[in-house]
Amino acid sequence: MTTALRLEGIHKSFGANEVLRGIDLEVGEHEVVCLIGASGSGKSTLLRCVNLLEPLNGGRVWLAGEEITRRDVNVNAVRRRIGIVFQAFNLFPHMTVLRNVTLAPRDALRLPREEAEARATELLGRFGLADKRDEYPDRLSGGQQQRVAIVRALAMQPELMLLDEVTSALDPELVAEVLSVIRELAEGGMTMLIATHEMSFAGDIANRVCFLDAGLILEEGPPEQIFTRPREPRTQQFLERIIAAGRL
Amino acid sequence: MASEGDRRSDLEVAGRRSRLLAGLRLEGEGARGVAIALLSTVVFFTAVAVAVTQSPGWPEVQRTFFNWDDISSSFPDIARAFVLNVKIFLVAEVFILVLALAIAVIRSLPGPVFFPLRLLAIVYADLARGVPTILVVALLGFGAPALELSGVPSSRVFWATVGLILIYSGYVSEVYRSGIESVHPSQEAAARSLGLSRAQAMRRVILPQAIRRVIPPLLNDFIGLQKDTALVGTLGVIEAFNQSQIDANATFTYGAYLAAAALFVALTIPLARLTDWLIARDRRRRQATGVQG
Amino acid sequence: MRKLTFAALGLLVVLLAAACGSSTKKSSPGTTAAADSCTTGQLNLVKSGTLTVGTDNPAYPPWFGGNEKAPWKISDPRSGKGYESAVAYAVAKQLGFTRDQVAWKYTPFNNSFAPGKKAFDFDINQISFSPQRAKVVDFSDSYYDVNQAVVVNKGTKIASVTSKPGLKPYELGAQLGTTSYQFIKDKIQPSKQPSVFPSNAGAVQALKNKQIDGLVVDLPTAFYVSAAQVPNSKVLGQFPTQPGGEHFGMVFQKGNSLVTCVNKALATLRDNGTLQNLQQQWLAKATGAPILK
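First to last, the protein sequences are chains A, B and C. Going by the working numbering, the residue at position 138 of the first sequence is 138; the numbering climbs one at a time, nothing skipped. Going by the working numbering, the residue at position 217 of the second sequence is 1217; the numbering climbs one at a time, nothing skipped. Going by the working numbering, the residue at position 227 of the third sequence is 2227; the numbering climbs one at a time, nothing skipped.
Hints in this document: simulated from the structure, not taken from any laboratory. Glycine residues also receive a C-beta, built at the ideal position from the N, C-alpha and C atoms. Any given hint could turn out to be false.
Derived lysine to aspartate or glutamate pairs resembling DMTMM-like cross-links, with alpha carbons at most 20 Å apart [claimed, not checked]: (1) C:K2157 <-> B:D1077; (2) C:K2192 <-> B:D1077; (3) C:K2081 <-> C:D2100; (4) C:K2154 <-> C:E2171; (5) C:K2069 <-> C:D2100; (6) C:K2117 <-> B:E1060; (7) C:K2293 <-> C:D2145; (8) C:K2285 <-> C:D2145; (9) C:K2185 <-> B:E1148; (10) C:K2081 <-> C:E2068; (11) C:K2210 <-> B:E1148; (12) C:K2208 <-> B:E1148; (13) C:K2164 <-> C:D2141; (14) C:K2069 <-> C:D2141; (15) C:K2154 <-> B:E1148; (16) C:K2254 <-> B:D1077; (17) C:K2208 <-> C:E2171; (18) C:K2210 <-> C:E2171; (19) C:K2234 <-> C:D2141; (20) C:K2168 <-> C:D2186; (21) C:K2254 <-> B:E1060; (22) C:K2187 <-> C:D2145; (23) C:K2293 <-> C:D2186; (24) C:K2135 <-> B:E1148; (25) C:K2105 <-> C:E2068; (26) B:K1227 <-> B:D1077; (27) C:K2117 <-> C:D2100; (28) C:K2157 <-> C:D2145; (29) C:K2254 <-> C:E2171; (30) C:K2187 <-> B:D1069; (31) C:K2192 <-> C:E2171; (32) B:K1087 <-> B:D1077; (33) C:K2093 <-> C:D2141.
Only part of the chain C face toward chain B is listed, based on derived beta-carbon distances under 10 Å [stated by the list, open to error]: (34) Y2181; (35) P2190; (36) Q2193; (37) V2196.
Computed footprint of chain A on chain B, listed as stretches where at least three residues anywhere in the stretch have a Cβ under 8 Å from a Cβ of chain A [as the list claims (entries may be wrong)]: (38) 1193 to 1204; (39) 1226 to 1234.
Please model the complete structure; the sequences and the hints are all you need to start from.
See the structure below:
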């Protein structure tokens, strides 16, 4: 299994606050890795560092063997290969769903309109959003919007998908529809790095779970090991809090 | 596939909408409030009208300002002269919208390499807003031709228009800038994350949203511009306000000013309503999508 | 709801009281003193014991002379030099005022005919009589019969024109508040739109810049413009006096009995040749311009 993503010694500070204190991580092709941890542990920051949205204070990142943190890298080209979906969906409110999805393929990948729209229509159809094609985002429910956001990222045919707490802003009854999309992607072999609070879901689809604590990966391993036999006491504390909150 | 979830979320959206409508329906109390407001407005304005017309200076003021003959006889000439005002602001507005956008975009260029350009944009906006428009119009309208450089036009209308463009671009660039900054950074983050360049993100995602947000202040500046076209009259060119001054000075009454004012207002009102309609139509698009702010 | 009703009613009561409380008798501005008494002590003045004369700033030759003295620019009305200053002091003397009893009040042209109580006893500022204007203010009899004239730059095409119709193809200018614009429109009827300038400064600059081809002003002012303001210019010519033509008059508050007394003074000055002498003294240069028929 070749390495789709490699992180080495990632350091990131915001002012005086050091959020990431030396992250090392490898994600293999077709692997699904889930990041868990308390708020503020750095999960979101880590994902934003991977697609170079945040400049690093230290460390290097390789995408499919190519170092994307080198000085002369074409950042836009790199980002086309990585799909990211945010907690707050961030759809473009002034564009229809279709346009949201075709914007980057047409402008960044220079796809002709028909091809971009065909691709978009196919993806939207696959995830049950075909009838929302010409709607504006404000007419969609949260769950639908998040699914559109995922489709938008997929339309770029990325090598790697980053999902940042994508269900955390959704009403509980809408979470399931988004999770089933993610499951489908995983089953289709998409390489994914997922930050999530949904522990049972993580347990279901992850090949590996990493527990982030205070800017470091404290522990990582297969889900059943992390969830049932964590080695670190802080992992244990975290999981106990989650169980007490009824989320595991 | 996710049809169950779809059906449930459609219901959820429909439910939200009907709750909104229920709140808008006038209940008994609301209707009574409207009636009282109307009544007190009528009463108030009647009282004001009575107070004004009973004041000792009223006959003179009425003859000076509200004489129908003055107003109607001066109207045709003023209306004809108004055509120039309209031409000036139509031409100027197009250039202003473009130049101001350029300045605002330059101002947002990141990185140390663009610092000199950013500084230039800042200085420009400060100067343009600080200098009184009438001075710039006089300087350009009389000063530029006085240089007697070949190729420099001597037309006062040309230079007044240039002056208005330069000044208003300063104001409008700040309006654009506030619009750009009001678009949540997560929109730019989402666009850049898809691999769009900064320019593409600006053009497709940020600016369309920014501009929609600042339509009211843009219209405000546009209306101000319409009135400032009268400044070309200080250079001697006959436009609506100058014409109304000519009439007023000939008769020593002010009815002509009212006629000119009526024309300017007649232009403003439809524009203001159009803007309201544009904003209302766009307001629903700004909701949700998970974007804060 | 109740609070709103009370507030509206309360406001109505207050306003009605104010309206009814104010004087309902129709008073015309200015008192009606005995019309045939022009003795100094019985004159209707804004400030008793002083003759307050209004004029605009800057005070231009040949209407005013002497060196400029703050706050007056270019010339000083208090000097007694210049035609209008001399006439004002001559009239004051006839009314029984000494020189120290004459005070000059800065009155921008627009203020001389604004409604309400005037701050001067009369205003003298090259203001032409017209029947329309006389509905709003009172004019004295003529203290100067006006000829219009035109100033041009030497060596330009218009400088070789010798008749009134010859001026038709040119861009002419006039000053706001004068009757020159009306003269251009009615008597010259040029094919190009004329310009009207709010101030002398603008008119002069436009002529210098060749943004207008000729400036139409009264004859004495024309000589001042070409002699002192626009280098390399000349008075192209004057237009023959119309029968019952234009004249300058002093401006008074409507209904001010003082105008009768001033007219008496003017009649005396005319009969005893003072007016003629003053014109010789101050406006002599302004006679030698060719006549444009």
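Taking the hints in turn, this is what the structure says about them:
With a CA separation close to 30 Å, the supplied pair C:K2157 and B:D1077 exceeds the 20 Å bound. Distance check on the hinted pair: C:K2192 and B:D1077 sit about 16 Å apart at the alpha-carbon level, within 20 Å; holds. The suggested pairing of C:K2081 with C:D2100 holds, with an alpha-carbon distance near 15 Å, which does not exceed 20 Å. Note on C:K2154 and C:E2171: the hinted pairing holds, with a Cα-Cα distance of about 16 Å set against a maximum of 20 Å.
A threshold of 20 Å between alpha carbons decides the hint, and for C:K2069 with C:D2100 the separation of about 17 Å falls inside it, so the pair holds. The hinted pair formed by C:K2117 and B:E1060 meets the criterion: a straight-line CA distance of about 11 Å does not exceed 20 Å. In summary, the hint linking C:K2293 to C:D2145 is supported, as the alpha carbons are separated by about 18 Å, within the 20 Å threshold. A C-alpha spacing of about 16 Å is found between C:K2285 and C:D2145, which places the hinted pair at or below 20 Å, so the restraint holds.
A C-alpha spacing of about 30 Å is found between C:K2185 and B:E1148, which places the hinted pair above 20 Å, so the restraint is violated. Note on C:K2081 and C:E2068: the hinted pairing holds, with a Cα-Cα distance of about 11 Å set against a maximum of 20 Å. This hinted pair checks out: C:K2210 and B:E1148 have alpha carbons roughly 10 Å apart, not beyond 20 Å. As the CA atoms of C:K2208 and B:E1148 are separated by approximately 11 Å, the hinted pair is consistent with the 20 Å bound.
Our distance criterion of 20 Å between C-alpha atoms is broken by C:K2164 and C:D2141, whose separation comes to about 29 Å. Only pairs whose Cα atoms come within 20 Å are accepted, and C:K2069 paired with C:D2141 is rejected, the gap being roughly 30 Å. Between the alpha carbons of C:K2154 and B:E1148 the distance comes to roughly 17 Å, so the proposed pair stays at or under 20 Å and holds. Between C:K2254 and B:D1077 the CA atoms are separated by roughly 28 Å; this puts the pair beyond 20 Å, and the hint is violated.
Under the criterion of a C-alpha separation no larger than 20 Å, the hint pairing C:K2208 with C:E2171 is consistent with the structure, at around 13 Å. For the proposed pair C:K2210 and C:E2171, the alpha carbon gap of about 10 Å is at most 20 Å, so the pair holds. Among the hinted pairs, C:K2234 with C:D2141 is inconsistent with the structure: their alpha-carbon atoms are about 31 Å apart, more than 20 Å. A C-alpha spacing of about 12 Å is found between C:K2168 and C:D2186, which places the hinted pair at or below 20 Å, so the restraint holds.
Taking the CA atoms of C:K2254 and B:E1060, the gap is about 10 Å. The hint holds against a cut of 20 Å. This hinted pair checks out: C:K2187 and C:D2145 have alpha carbons roughly 18 Å apart, not beyond 20 Å. Among the hinted pairs, C:K2293 with C:D2186 is consistent with the structure: their alpha-carbon atoms are about 14 Å apart, no more than 20 Å. Restraint check for C:K2135 and B:E1148: the C-alpha separation of about 46 Å exceeds 20 Å, so the hint is violated.
Proposed proximity of C:K2105 and C:E2068 is supported: the alpha carbons are some 15 Å apart, at most 20 Å. Using a Cα cut-off of 20 Å, the hinted pair B:K1227 and B:D1077 holds, with the two alpha carbons roughly 18 Å apart. Distance check on the hinted pair: C:K2117 and C:D2100 sit about 24 Å apart at the alpha-carbon level, beyond 20 Å; violated. Restraint check: the Cα-Cα separation between C:K2157 and C:D2145 comes to about 30 Å, which exceeds 20 Å; the hinted pair is violated.
A distance of roughly 37 Å separates the Cα atoms of C:K2254 and C:E2171; the hinted pair therefore is violated under the 20 Å criterion. Between C:K2187 and B:D1069, the direct Cα distance comes to roughly 25 Å. Violation of the 20 Å bound is thereby established for this hinted pair. Of the supplied pair hints, the one linking C:K2192 and C:E2171 holds, its CA atoms being roughly 6 Å apart against a limit of 20 Å. Among the hinted pairs, B:K1087 with B:D1077 is consistent with the structure: their alpha-carbon atoms are about 16 Å apart, no more than 20 Å.
Between the alpha carbons of C:K2093 and C:D2141 the distance comes to roughly 17 Å, so the proposed pair stays at or under 20 Å and holds. A cut of 10 Å between beta carbons decides the hint on C:Y2181: the least distance to chain B is about 6 Å, and the hint holds. Using the Cβ-Cβ criterion of 10 Å, the hint placing C:P2190 at the interface with chain B is not satisfied: the shortest such distance is roughly 13 Å. Given the 10 Å rule on beta carbons, the hint for C:Q2193 holds: about 6 Å separates it from the nearest Cβ of chain B.
With a cut of 10 Å, the hint placing C:V2196 at the interface with chain B holds, because the nearest CB-to-CB distance is about 6 Å. Coverage of a stretch by a chain is defined here by at least three residues with a beta carbon nearer than 8 Å to that chain's beta carbons; for the segment 1193 to 1204 of chain B and chain A the count is 7, and the condition holds. Look at the segment 1226 to 1234 of chain B against chain A: 0 of its residues bring a Cβ nearer than 8 Å to a Cβ of that chain, fewer than three, so the hint is violated.
In summary, the structure is inconsistent with hints 1, 9, 13, 14, 16, 19, 24, 27, 28, 29, 30, 35 and 39 from the numbered list given earlier, while agreeing with the others.
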